[in-house]
Structure formats: C-alpha cells, structure tokens
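Novice: What follows is each chain in one-letter form.
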Amino acid sequence: MEDAFILKVNDISASYGQSKVLFGVSFNLGPHERIAIVGRNGAGKTTLLKCVAALLKPTSGFVVYEGEEITGRKPFEVARAGLKYVHQDKGVFQDLTVRENLKLSSYATGDYDWSKVFKYFPKLKILLDKKGAGLSGGEKQMLMIGRAILGSPKVLLLDEPTEGLAPGIVSDLATVFCELSENTALVIVDQNLSFISKIAQRVYGIKEGKMVVEISDTQEIQQASYSRFL
Amino acid sequence: MRSGKRVLVFLLAIVLVAMLLPAIGMSADEPETFNLGVLLPLTGTFAAVAETQEEAILLAVDEVNEKGGLNMPWGKVKVEATVMDDEVDINVGVRRFRYLKEQGAHAVVGQVWAPLAMAINELCKKDPFPYFPVNVAPLESFKKGSLADCTFAAGYTPWTVGYMAGYAAINILGKKNIFFLSRSDAWGWDIGSGLEAACEKYGGTIVGSDEVAVGTSDFTTVLEKVKFVSPEVFISAQFGGDAIALIKQSYDMGLHNEMVIFNSFVTNVVAEGLPPEAREGLYGMHFFYHDLSGFEDQEVVKMAESYVEGYTEKYGGPPDAYATIAYIATTQLFEAVERAGSFEPEDIQKAIMDNPDFVCVKGPAKWRIDHQPIYDYAAFLVRGKGLDEQTSKWDFFEVIDALGGEEMYPSLESLGY
Amino acid sequence: MKLSKSMFFDRRYIIVVVFVVLYLLRYVLPEAFVLEVVIQSIYVMGCSFLIGRLGLVSFGQPVYLAAGAYGTAFYLYYVGTNPYIGILVGVLMGLMVSIVAGVFLVRLSSSYFTLSNLAFCAIGFFLLQKVLVKYTHGDNGLWFLSKIDSTVIIDLSTTKGIVYFSFLIAIGVWFLYDYLMDRSVFGAACLAVKINEEKLRFLGYNAFNVKWLAFVIANTTAALAGSLNAIYLGFVSPSIADVSKAVEAVAISMLGGAGTLFGPVAGVLIFIGLKDIISQIVSHWELVVGIMLVAIMIRGEKGIVGSLEGIVHKSITKNNNKPVSW
Amino acid sequence: MEIDIKLAISAFVLGLGMSGVYFLLTVGLSLCYGLMRVISLDQFFYYALGAHITYTLINITGNFWLGLLTGVIAVLFIAYSIEKLIYRQIYKKPIMFSMILSFGVNLAGVGIIKYIWGLAPKPVKAPIGGTIPILGTDVPGYRVFVILLAILIYLGVWYFLNKTIVGTAVRAGIDDAEKVEALGINVYKLFTLTFILAASLSALAGGLHAPMIMVVPDMGLSITSFAFMVVIIGGLGSIKGTLISSFIVGQIVSFGSLIWAPLANIAPFILMLIVLLIKPTGLYGSKYLRR
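Residue numbers (our numbering), protein chains in the order written: chain A, 170 to 399; chain B, 26 to 442; chain C, 245 to 570; chain D, 15 to 305.
Keep in mind that the hints were calculated from the coordinates and are not lab data.
Just so you know, not all the hints are guaranteed correct.
What the hints assert, rightly or not - Derived contacts from chain C toward chain B, CB cut-off under 10 Å, selection only:
(1) Leu279
(2) Phe370
(3) His381
(4) Asp383
(5) Thr403
(6) Asn473
(7) Tyr476
(8) Phe479
(9) Val480
(10) Ser483
(11) Ile484
Stated by the list, open to error - EDC-like cross-link-like pairs, simulated, lysine to aspartate or glutamate; straight-line CA separation at most 16 Å:
(12) B:Lys92 / B:Glu360
(13) C:Lys404 / B:Glu127
(14) A:Lys226 / D:Glu192
(15) B:Lys151 / B:Glu369
(16) B:Lys151 / C:Asp393
(17) B:Lys339 / B:Asp87
(18) B:Lys391 / B:Glu360
(19) C:Lys391 / B:Asp152
(20) B:Lys126 / C:Glu275
(21) A:Lys323 / A:Asp280
(22) C:Lys404 / B:Asp152
(23) D:Lys139 / B:Glu305
(24) C:Lys378 / B:Glu165
Claimed, not checked - Listed next, the stretches of chain B that the computed footprint assigns to chain D, with coverage defined by at least 3 CB atoms under 8 Å from CB atoms of chain D:
(25) 67-78
(26) 245-255
(27) 277-290
Bear in mind that the values here come from a model prediction, so they are computed numbers and not experimental data.
Every residue gets a Cβ at the ideal spot worked out from N, C-alpha and C, and that includes glycine.
Okay, chain A solo, but in the shape it has when bound (with noise of 0.2 Å):
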C-alpha cells in the first residue's frame, strides 16, 4: 500500500507565535482520491494544509510528497512540483484582470492550455478583462481553481471553497471536483456536510488540533454522522 499514496502527512505540530495549533497530525492520500478534513472554527484545519502546502513551517513533523520529503523546500518549488493549495478567502489578485490571473499561474507553471479551464468553467471566458475586484464570490472561486489546475498539479489543497457561495454554485462546484479527480487528487477543508457527503471519498475529522476520527464508509459519510465527534 506504501506508494499507493502520493501524499502522505505524518506527525504535524505547529504553533502561531506562542498558541500551539497542531498535535501532531498525520493523514495520506491517493492519487485520485477525493478526501474531505472537517472540524470547527479555529481547529486547525487551514494551519494544516498551509503546513501541508509548505507556507508554514510546523514544529515537528513531516510531509512526503511522490515520494519526496518536502518539509522545509520554499512555497513556490513544492507548488511547482505539482502541490497546490487553495486559498479560503476567494483571494483573487483584487486589481488584476482574470486574464492576468490565468497569465500569471501559466507562467509560474509554463502550462498555457487555457482550454481546460474554460472547460470547467465556461464563464471565465466571457470575464477574461473584468478585474478580481469586481467578481463575485462563485466567480473568484472559479478563478482560483481554474488558476491551480494550470500546470496539471497532483495535488490540489482547497480551503472552504464553498464558503459564503449559493448552493447552485455548490452543486456545480461538486460536480467540477469530481470530474478534476480523474487527474487530480483532491484534499478539502469545508463545512458544508452535504457538500462533502456528495464528493468525499473519505473524511477526516479535526477538533482541537487533533485528528479524532477518520471515516472511509461511504454510508456514514453520506449521513454525516461523524458530525457526533467534532
């Protein structure tokens, strides 16, 4: 089963200044798994895909990626290598065009095939020259994503993507991960259960900077009955 995972987290701690947020953490991940992390407010699920994503350095712990133990390399090598994490706040480059927002993931990636982006989110297309600020919250997350999957990343690290979005844009989201997990595996931090009981293949549950439970039948995850634990 060893390289059956491309991702495999183990161990993680990290702390904000003086707070400690993480203990020890650890999860993995397949190659065209669709997993879900769930948990409360301030449990700790950013802080772990930012150690995950390289942008935190935890306290102790490591982080194998294909293989390769990538703790400690610089943010931009680990996202180069095909790891993409997600912001959660519908970040857009506010004064740039869409255009530019695609432009400038191509040229960190060298992947210049826009048309699988526009695959998945048609709109884009039409939204080409309107700048990040003025989009809405379904369209910026459609940029973000449409960003990441330039460069065919392995991984992509989504934090709340349907955070604050209408739930028909929920549901076409769900539908886009699905089919993204033909090449990509996927890990997603939300709240939204009925979300993640549609997409998740398994779910891990957070609460307190601690993994507590970790469910892989698919009938408890539609239920959502791990809620109980969180």
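Got chain A; can you put chains B, C and D on it based on the hints?
Specialist: Okay, now just chains B, C and D, sitting in the frame of chain A:
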C-alpha cells in the same frame, strides 16, 4: 517570600556600604594641568562647522602649550583638551557637559547651536563655571540676567549681523530697496530686526520679505517672489548648506543679472560649496576672511597672517569664520585665566570685566558689560570671486570693507541695562 | 505566572533590586549618565509597552515627551516656582494631549498609525517652534532652572534631589506596568488586541477602548519623563519634539526587548552607553551604532531582555515552555 | 500678498519639478512596502549616495550624465547585496523590524559617506543651464528636464507593472505575496528585483536633485519626512497614488511657500493627517493591504 526579604536586607547592606564610601574630594588648589572641555556638535547639521571649530580650539591649545603652558602664579600649567560631541541634542549636550565637569574640566568652550548653549548657560547660572560659547547667540540671551556671570560669548548676536548687512547694502553698495529672506527661527528674526534698525537709521526700504525653515532645500518658489518684487539687493539670512542651495538656485534662476545677492553671514564652507559662477559677485559679511591683503590696518593684517599661517600649516587649509570665533574664545579664556591667576569662575569673570580691552587675530576688541565683545572689525564685507579671478583653491573672496564698533551692536538700553 | 513565582521571588522585588543596583551605579558611573538612563527608561517604557503588548508602533513619541516638558516649563516659566506642581501640570498636559490624539490616531491600522503619529509629531514641533512662538520663544527655548524653588523632603532644585525623585518615580512606574502587563485583565486584553482583535470583540470587549486606554497610559508615561527632563535641565526648546528623534524610542524598545518589563532599562543603558563610549573613540560613531543596530535586529529579534529571559528560563526549568515575560 | 498669475504659473511648474524628485524617491518606497511589506528607510542612503557619486564622477570626467549613470549602477549593486545579506532575514518578521533595520543601514551608510566624502557641502553644476519661457514665465531648463524625466520614468514603471508578466506578478504580490508564491512563482526573486529597482530610482533621484540643492551626507534626512508624506497620502503600495500625491505635495509645498514660506513645511503634514482621518488607507491605498 522569605527569599524576597533576604534580598531586601542584602540590598540595604549594599546601600550602607556604598554610603560609607563617598567620593573623596580631590580638588587641589594648584593643579598641574588646565583641563579644557570642548563640546561641539561633531555629528548632525552643524558637523562641518564644528569640525573647523575643533581644529581652531586645538590650535589655540597647542600654541599655549608650545609656550610652555599657561602662566600661573604657581608656575607654567599645561593645557589638556577633552573633546566631546553634543550631537545637536540638548540632553546629550548637557549630559556630556556634566561628564566634562565630573572629569575635572576647569572650563568649557563650544556649542554652535544656540538652544544648547543657553541650556548650559542655565546650568552655569546655578553652579558658576567658566563657559565660552562659540556661536552667534540669540539677542534674547544677552538681555540682562540671561547670561551666567562667567559665560562669555565670543560671537555677537544675529542682530549685529543683520545691522551690518543693512549698513553695508545701503551705505557701501548704495542699494536701498531690499528684499529680505529670513529664516523662521530666532536666528532669522534677530537678523531681521537688526536689518530693520539699519534701514530705519540709514534710509533703506524693505520692499518684500519672507521666511523659510532651516534645512529647506528648495527655494525656487520664494525666489520667484523675489524676482517678481525685483529689489536692488536681495539679503538672505540663510547659513551653511541652506545658503548654498539658495545662492545656487538664485543663480540658476538668473537673479544675479537683476539684483545684488547678499548673504548676510557668509563662510568659506558656503563659498566652497558653490559653483564658481554662482559665487561671482556674491556679497556677504564674513566674520574673518583669511586673506586680508589690501586692508588698510596693517597691524591687523599682520596678526591675521600669522594666525592663518599657523592654521594652514597644521590643517592644510585656511581658517573659516566660525573657526575664528572658536579660536578667539579659547585664546580669550586663556588670557583671562592667566590674568586672574586662578581657575575659579569668579576670578576669571573679574579679570575680564576689570580689563575688558583685548586684541585678537582680527584686531582690537572690548568686552561689553553684557558679555559681548565689541570688535573694531566685527565683520568684513566680501565680494565673491569668479573662476577667472581665483588664483588658488582657497581664493574665494575679495575684502572690500570692514564694519564694527559699538554702532553695529544693539544698545545696552534695549537689553535692559 | 504561577511557574515564575515558584522559581523566582515576586517580580516586584526584582524591580526594586534592579533600580537599587542602577542607583548604586551612580558611585561607579557618572551621575549624569545614570540619571539620563532612568529618565529615558521611563520615556521608552510606554513605547515598549505599546509595541510589545499591543503591536502598536508609534513614531510620534517625542511629541508626548514634549507635551510633558512644555506643561512643566509653562508652569515654571509663567506661573509658579514649585517643581512638584510643575510636574503635575506636565503630566496633566500629557494626559490631555494623548486623550485627544488617541481618539483620532488609535483607530488607524498599524502602519498608518505609525506614520500618522509621525505626522502628529511634526505638527507638534511646528506648533512649538512657529505658531506658539509668543509663548514658547521658538528655538530660543524657555529657561527656568534658577526659578525652581527648593522643596522639602526631596529638594528638586538640586541634582541629587532629582536623582532620588526620578528613581522613586521609576519604581512606581514599573510597579504600575508590572500590574498592567501581567496582573490585570487589561494586560490580557492588550495582548489579545495584538494577536487577534476580532476575537477580543467576540469576547465582548471593545478593542478600541482597550487600545485607547493603553495609548493614553503609555503616552502619559512619556509625558512624565518629559516633565522630569524639564526639571532636570531647567530648559526646554522645541527640539525635544524633533521628528528626527522619532525612531529612537522605537529602536531602543526593540533593542531592549519590546513589551518586557526591563527591556527599556536595558535598551537605554546600552544605547546611551554605546553612544557615549563610541563617540569618545571614533568620530563617526553613527557608522558603528548603525551596524550594531542591524546586527542586533538580525540576530536577536526579542531584544536583549527577551533573549536573556529565554536563556535563563531554559537553564532553570530545563524545558522548552515559553517563559512568561519578565 | 496678492498672487500674481505669472507667479502662480511659475510656482506650478517649479512645484512639478519637486514632484518629479519626490516621485522618483517614493515610488520605490511604495513598491517595497506594497510587495515586501517593509519600510525601507535606507532609500535615503541610496539617494545621498547617488548624489555623491554623481558629484565625484563630474569632478573626474566632467560629465554629469556619466556621473548619474555610475551612481545608479553602483547603487544597484550595493542594494543587491544589502537585500541578499540583510533584508532576506526579516521579510517574515513584523514590519517594525524593517524600519529599525533599515534605519540602522541608513545610519551606517551615511556614516560611510561621511567617512569617504567628508562633511562639507559639495557643488554640482546643472548640466542644462538657461531658462525656458513657459507662458511668459522663465523657468530653469533643468527643472523642466527633471519633470519630463519623471514622467518618462512613471510611464516606464507603468509599462513594467501592467504590460510585462513580471510586473503583473509584482502587482499580484502587492495584493498578497503568499498567494503568488502558492501559484509557484519565486517571490524572492521578485523581492530582489523590486528592491534594486527602488534603490536605483532613489539613486537617480539623488543624482538629479544634486544640481538643485547642496550635496551633504545628511541630505536624505531633510527629505525623509516629505517622502513619507507622499507615500502615505498616496496610499502605501499604489504607484498611481504615489504619482498623484507627489504632484499634490509638490504643488502644496510650492504654493505654500508662495503664500507664507513656513506653510511649505507643515501643510503637507496637515494634509496627510486630514487624508488619513477621512480615508485611513491614503488616497489610493488598497484596503486589502492589512498590516
């Protein structure tokens, strides 16, 4: 908390021991050296000026020591100078002044920056101490009761600078319509009131005026105003770097073609910082210009020459205006100490006031009751030389005339005497 | 805090110890130096508190120092002769200035707060130097040293009296800050402002009020130092509020360790000491001080006291728990 | 004093000249803040260094332009090493570290200038003499040149930021450098590039300013507060804001001194306070820039 109490007892013990070890007074009546404290702003805005003053003071010290030292009743006494930096900061200056005193200085010379000189003077009022500031001190500080008994200022006030500038412009250059650019501080205001007094007396008119802050680097808008008013002479109160910027910009804007440019208190540093073409035809009052050749009072020329020679030999260049103020202050201090036969401030003060006439490198002078020296030649009227007139690196000016005497000073009545 | 109590004695004893030792230095070092260190430490204390405990960096400290100094100076120059009343007037002036300034400045976010304090300082300087010239005599300054009356118990008209008094005041100030920082809810609320303002709001505190109160306390402390300084020098001039000295208080705070109880003392001691020693040895001391500042900032980000306490705690407790700040 | 129209025109043009120098000096400051979130007080050292090198090169070669160019290139290398040696270590620390650190660099740098060039003010002759008549007023030719050059530099910077991919990355980084890094772009290269761009523009400002003022080691000090006002009024991190506020500050200084010279020194501060009280992020500062 037991450990805490033990600490307190321990501390009390230390305090007691420390109190039993008071610093033993070591002041001998007939010291073998005269410790001269030198406190100058060696860093900060006035650093360039202070550097030349330090040189002049050390020259005066060397000259005394070459003669064997100060002539005191108990024999020759060598002078030892300690130089400290006041950083143009009142706290730092006062602190270092107190260091100098604690290290046993018998007198202090120094200060370019007026507020610090006044702060130190204030200390000397409470605790008498011979103090010889080397700046051009504000008029207010000469009001009766302001200066400490043993504070003697070798420079005069900006009022005199302004008065002389007005006198020279009106009576010597014959220019009666004046634009005056002041500096918005005591220096500028004092020059302004001196200038006004001169105008009133000799019939000049100030047709326009303005003021700018110290450290202004761009004068162009103000200069446009000057151009617009088009006076016969443009007198400025700017000093040092500000003066350089001002004169340079005046030249760039062509003011020199339309009027006489007159920098009220000019120095070699300013002349050096100017392109020769901007210096050409610039007028100014110079406290002491090193080349007095052609000046009628041969006595003065000779004395100045030997001072300039000594200075040039030691430092590779002639002394500047402010260096000479410092030199005069130091030599006067030495003379007074010798005459007093004592290092005590009361005796030094008495020695000066009993015998106020003295002769310095720029001629005869006399200490007035307000502790200002009345120079026969308070300042020299100079005209800037252009590149083709210049014969050597230090040949900046031509001396045209000299002004001085009681007439150029604010009256004692106006100062409350 | 429980831990530190069992390991050390009550911190209030340490405060007394530190100042008594500093006072005894008077017999080894020049008195002027020791006095300056104490007064400047009081001045820097407020600044250090704002930086370390609230994350507010103010480049306008000189103006609050000047408020205190001019309050005292106006009283002693124009009105009375009692130095104690003079100090009181100075502190009240500082209090008023910081209350009013706080209302406007505290609401700004951090970098803008820093720099608008700078602007406020420049405006204060301008007022003292130009606009109020009738009362302040501009750059000439106000001198009143010989006007100060001798007073009973501690005679503030003598330098010795000022030294005693400054040390007593300093101990009082440090007791106050010890209480504010680590013994009160207010101190915790301040730290919460620094870490996460939002969450403080959830807890039902008004972040603005916390910041404003801290700002007023810190800058009134600066004004107190200004008053002491004015009494000591017997002279004030607008240069006390000069913008070019704006960075100094912040630099000293960082040097000593911002937000620590003894950081200001250590910072001032080293900064003034270095300057006094280096300026005696080399003529261009700025070069040396500049390089040292860079080195200290790169190597020890917690400042001198901050780094020291880490080492001490590690060696005593033999664990890696972050120590509470001294 | 009644303001004559002729005086007003010349005040306007001369104000523009000041704006030009302010802009060159502050555009780098603003970019550094925006992208790296550092406040780089050492820009004033580069400014003074640029002026001093220009002065020396004029003395050796007699050519102002060569001096200007040498100054910019020398500063470029110095800034490169300072960024690598010093700034690298503090990008992740709170912003005040950069302030104090750069204050230290500035102090040390000015100390070195004093050591090499001494304290006395030095003359630099304007390479373009004469006056140009504009609407009936004579304006020094060199000022007009500075204005034109500043406009040119603005256009260049604008082109770089808006039309090149690296510039786009810089703009994105001003918004959020972490997100740029998460895309796979080496932001540290961007930081180095921005820093040396800023420093060379400061050196250019110093060299260009030299013929107008006096060249002294402390020359950066007198312009520091104005530079900060320009950056803050415009909004930290905004190039457009910097341009507009340097225009405004230049005009305020110019017209202020026309009315009463001391106004020139204080009016910008008052304006800055007013702007901040109304719009706490400056005129064009992004409210997303939180720090």
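Novice: Decide, hint by hint, whether the structure agrees.
Specialist: These are the hints, each one checked on the structure:
With a cut of 10 Å, the hint placing Leu279 of chain C at the interface with chain B holds, because the nearest CB-to-CB distance is about 8 Å. Given the 10 Å rule on beta carbons, the hint for Phe370 of chain C holds: about 9 Å separates it from the nearest Cβ of chain B. The interface hint given for His381 of chain C holds, since its Cβ lies 7 Å from the closest Cβ of chain B, which is under the 10 Å cut-off. Checking Asp383 of chain C against chain B by beta carbon gives a least distance of about 4 Å; that is within 10 Å, so the hint holds.
Given the 10 Å rule on beta carbons, the hint for Thr403 of chain C holds: about 8 Å separates it from the nearest Cβ of chain B. Restraint check, Asn473 of chain C versus chain B: the minimum CB separation of about 7 Å is within 10 Å; hint holds. Restraint check, Tyr476 of chain C versus chain B: the minimum CB separation of about 8 Å is within 10 Å; hint holds. The criterion of a C-beta within 10 Å of any C-beta in chain B is met by Phe479 of chain C, whose closest approach is roughly 4 Å, and the hint holds.
Evaluation of the Val480 of chain C hint against chain B yields a held restraint, the C-beta minimum of about 8 Å falling below 10 Å. Interface restraint check: Ser483 of chain C against chain B, minimum CB-CB distance 6 Å, threshold 10 Å, status holds. With a cut of 10 Å, the hint placing Ile484 of chain C at the interface with chain B holds, because the nearest CB-to-CB distance is about 7 Å. Only pairs whose Cα atoms come within 16 Å are accepted, and Lys92 of chain B paired with Glu360 of chain B is accepted, the gap being roughly 13 Å.
Distance restraint check for Lys404 of chain C and Glu127 of chain B: the Cα-Cα separation of roughly 14 Å lies within the 16 Å cut-off, and the hinted pair is therefore satisfied. Between the alpha carbons of Lys226 of chain A and Glu192 of chain D the distance comes to roughly 14 Å, so the proposed pair stays at or under 16 Å and holds. Of the supplied pair hints, the one linking Lys151 of chain B and Glu369 of chain B holds, its CA atoms being roughly 15 Å apart against a limit of 16 Å. The hinted pair formed by Lys151 of chain B and Asp393 of chain C meets the criterion: a straight-line CA distance of about 12 Å does not exceed 16 Å.
A threshold of 16 Å between alpha carbons decides the hint, and for Lys339 of chain B with Asp87 of chain B the separation of about 10 Å falls inside it, so the pair holds. Restraint check for Lys391 of chain B and Glu360 of chain B: satisfied, since their Cα atoms lie roughly 13 Å apart, inside the 16 Å limit. This hinted pair checks out: Lys391 of chain C and Asp152 of chain B have alpha carbons roughly 14 Å apart, not beyond 16 Å. Distance hint between Lys126 of chain B and Glu275 of chain C is fulfilled; the C-alpha atoms sit about 11 Å from each other, no more than 16 Å.
The hinted pair formed by Lys323 of chain A and Asp280 of chain A meets the criterion: a straight-line CA distance of about 14 Å does not exceed 16 Å. With a CA separation close to 14 Å, the supplied pair Lys404 of chain C and Asp152 of chain B stays within the 16 Å bound. With a C-alpha separation of about 14 Å, the suggested pair Lys139 of chain D and Glu305 of chain B falls inside the 16 Å cut-off, and the hint holds. Between the alpha carbons of Lys378 of chain C and Glu165 of chain B the distance comes to roughly 13 Å, so the proposed pair stays at or under 16 Å and holds.
For a cut-off of 8 Å, the count of residues in the region 67-78 of chain B with a CB near a CB of chain D stands at 5, and the three-residue condition holds. Only residues whose beta carbon comes within less than 8 Å of a beta carbon in chain D count, and the region 245-255 of chain B has 6; three or more means the coverage holds. With 3 residues bearing a CB less than 8 Å from a CB of chain D, the region 277-290 of chain B meets the requirement of three and the coverage assertion stands.
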